[in-house]
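Student: The chain contents come next:
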Amino acid sequence: MCHQTVSLVARHLEAHGIATVILGSARDVVEHCGVARFVFTDFPLGNPCGKPYDVAMQRSIVGFGLDLLESARAPRTTLQTPFVWSENQSWRDNYMRIEPAGPSVMTS
Amino acid sequence: MSGRGVDPTHRTFVSYIDKSREYYLGRGYGNPYRWACFDEVPFAPLKRPLSQNVLTLITTAHEGVDAPSFRSAYSIPSEPAPVRLHTDGLFWDRLATHTEDLDSFFPAHRLEEFVRDGRIGHLARRFHGVPTEYSQWKTVERDAPEVLRRCQEDCVDAALLVPL
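Protein sequence lines correspond, in order, to chains A and B. Anchor point for the first sequence: position 11 equals 11 in this note's numbering, and the numbering is continuous, going up by one each time. Throughout, this note's numbering is defined as the position within the second sequence, counted from one, plus 1000.
Here chain B stands alone, though its shape is the one from the complex:
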């Protein structure tokens, strides 16, 4: 073991692709999920310093299991920052932690501080949520274009995306 208690014969970070495949194989599902994998990666450099940018925040948390946001993209005002978002029904480690502090997965207040400090120009008027889908097609063809459309309406330069 290393000083941090990490086994140096194994990679340090958890492979969720491996874990989920083995977990579902153990439950009798022999057809592993095929995760998204691309050779080409688009890249958009910042056009201006961040202090002149409009920035938004995008999450996979939702407004409630029964809310429309659980099944489609949604938007919420960035000011005032939301008090609460829901994480029910999403994959996160309930044994190790909790999601009672919004800023641990949706750092709206931390971003407000950076705006006050002048590090970021402005927050966009809306933040956005996307439903977590097994169907990559639904995300790519339905939700991502809708989030893009709303970002373009709000003149967004840059986005911080935070999954659970």
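Chain A with its partners taken away, still in its complex shape:
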């Protein structure tokens, strides 16, 4: 839901002449809404600017955002960063998982 909120704000700023870039990890929500520039990092929700305490990765992701501010020539420009959260991909399935006996994980 946070991704939709900033997408709507970004659209409003763009419509009034302020250039924007979103750094996020919920690609479908941002692209569904439609924004000018989006830097996508395929991480669990919570650290869209890089892993905690990984200054080099954070600097790289923010740098991608700054680059995109200057280089995008049209709206709906998405750049995917090269970072991988972990070899273990189980976080993708674990978020909002519905167990056979009913939902057991409420994550908000």
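Hint data in this document are derived by calculation from the structure and do not stem from the laboratory. Everything numeric in this text was worked out from a predicted model, so none of it was measured. Treat the hints with caution; some may be incorrect.
Said to hold, decoys possible - If you anchor each label on the Cβ, the simulated ranges turn out as follows: (1) A:Thr78 x B:Arg1021: 31 to 37 Å; (2) A:Ser86 x B:Pro1008: 14 to 20 Å; (3) A:Gly17 x B:Cys1037: 34 to 40 Å; (4) A:Glu87 x B:Ser1051: 34 to 40 Å; (5) A:Asn88 x B:Ser1135: 34 to 40 Å; (6) B:Gln1152 x A:Asp93: 32 to 38 Å; (7) A:Asp93 x B:Cys1155: 43 to 49 Å; (8) A:Asn88 x B:Gln1052: 41 to 47 Å; (9) B:Gly1121 x A:Tyr53: 25 to 31 Å; (10) A:Gly63 x B:Tyr1029: 36 to 42 Å; (11) B:Tyr1029 x A:Asp93: 19 to 25 Å; (12) A:His16 x B:Gln1052: 17 to 23 Å; (13) A:Asp67 x B:Trp1137: 32 to 38 Å; (14) A:Gly63 x B:Leu1025: 36 to 42 Å.
Think of the CB as a built atom: it goes at the ideal place given N, C-alpha and C, for glycine as much as any other residue.
Chain B: place on chain A using the hints.
Tutor: Using the frame of chain A, we list chain B on its own:
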């Protein structure tokens, strides 16, 4: 499986639209949320090189669940950078990670470094927060215009927006 452990028969990134719809259907809510979706997308090119721009940072984190910032747009000084912002009550993956490092979701210190390096002209005097709302109307009609007004007061050229 591919070399990265990704199933090539499925799209690689998580669809939160699909996940949330199925999750709430599983809890008995049969009226799926209707996510914002637009055909037209506004686009504002940078008017000057970034090294001459004033840039701000916009977040969905807040100053505390009991703070007014949880329910309305707020602003904080960009200097000094905030020490802490709160992420309670927001949707993020508590099983996989944490938000104890501010710069992992609010990269104020990383932006300061880019200013020192000359990549960005200046940071705006204020950063901003917006409440996460299910109501798109509240965001579009109440919060976005307020953030725009404050950005215009601060002569902002460009904004970095970071959701949780």
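Student: Hint by hint, say whether it matches the structure.
Tutor: Checked hints:
1. A:Thr78 x B:Arg1021: 31 to 37 Å: The hint (31 to 37 Å, Cβ to Cβ) is violated, given that Thr78 (chain A) and Arg1021 (chain B) are roughly 22 Å apart.
2. A:Ser86 x B:Pro1008: 14 to 20 Å: holds (18 Å)
3. A:Gly17 x B:Cys1037: 34 to 40 Å: violated (24 Å)
4. A:Glu87 x B:Ser1051: 34 to 40 Å: With a Cβ separation near 39 Å, Glu87 (chain A) and Ser1051 (chain B) satisfy 34 to 40 Å, so the hint holds.
5. A:Asn88 x B:Ser1135: 34 to 40 Å: For Asn88 (chain A) and Ser1135 (chain B) the Cβ distance comes to about 37 Å; the hint holds.
6. B:Gln1152 x A:Asp93: 32 to 38 Å: violated (44 Å)
7. A:Asp93 x B:Cys1155: 43 to 49 Å: holds (46 Å)
8. A:Asn88 x B:Gln1052: 41 to 47 Å: Given a distance of about 44 Å, which is inside 41 to 47 Å, the answer is holds.
9. B:Gly1121 x A:Tyr53: 25 to 31 Å: holds (28 Å)
10. A:Gly63 x B:Tyr1029: 36 to 42 Å: Holds - the Cβ-Cβ distance for Gly63 (chain A) and Tyr1029 (chain B), about 41 Å, lies within 36 to 42 Å.
11. B:Tyr1029 x A:Asp93: 19 to 25 Å: holds (21 Å)
12. A:His16 x B:Gln1052: 17 to 23 Å: Since His16 (chain A) and Gln1052 (chain B) have Cβ atoms about 20 Å apart, the given range 17 to 23 Å holds.
13. A:Asp67 x B:Trp1137: 32 to 38 Å: holds (34 Å)
14. A:Gly63 x B:Leu1025: 36 to 42 Å: Roughly 40 Å apart at Cβ, these two residues keep to the hinted range, so it holds.
Violation of the numbered hints given earlier is confined to hints 1, 3, 6; the remaining hints are satisfied by the structure.
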